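S.K.: Sequence:
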Amino acid sequence: MSDNAPLDLYAVAEGKWSAVSQAIHDCHAAVHAKGAPRIATDIRIGTRIDREIADGTGNEGKVKRVEDILAKATA
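The sequence shown begins at 264 in this note's numbering and counts up by one.
Honestly, the hints are just simulated from the structure, not real lab data. Quick caveat: nothing in here was measured; it's all calculated off a predicted structure. Please note that a few of the clues may not be correct.
Unchecked claim - Simulated pairs of lysine-lysine, DSSO-like, Cα-Cα distance not exceeding 30 angstroms:
| # | residue 1 | residue 2 |
| --- | --- | --- |
| 1 | K327 | K279 |
| 2 | K279 | K325 |
| 3 | K279 | K297 |
| 4 | K335 | K325 |
Based on the provided sequences and hints, a complete structural model is requested.
M.R.: Rendered as structure tokens:
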């Protein structure tokens, strides 16, 4: 492992509850299919009911906003 390698790998799944939980299930199934007898997964889940998340305003929108700010800063 290199000195600057991350200790943890994070992934973000955003979507309907059923689709996200199915994706997690499918990931576990794929790793088990490769022969892993046990898997440990730590999950942090956030939900909100105070407003609807419009397309482009969730995580994708946040990433684009940061990229736009960085592009202006380097221009």
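S.K.: Please list, smallest to largest, the hint numbers that this structure does not respect.
M.R.: No numbers; nothing is violated.
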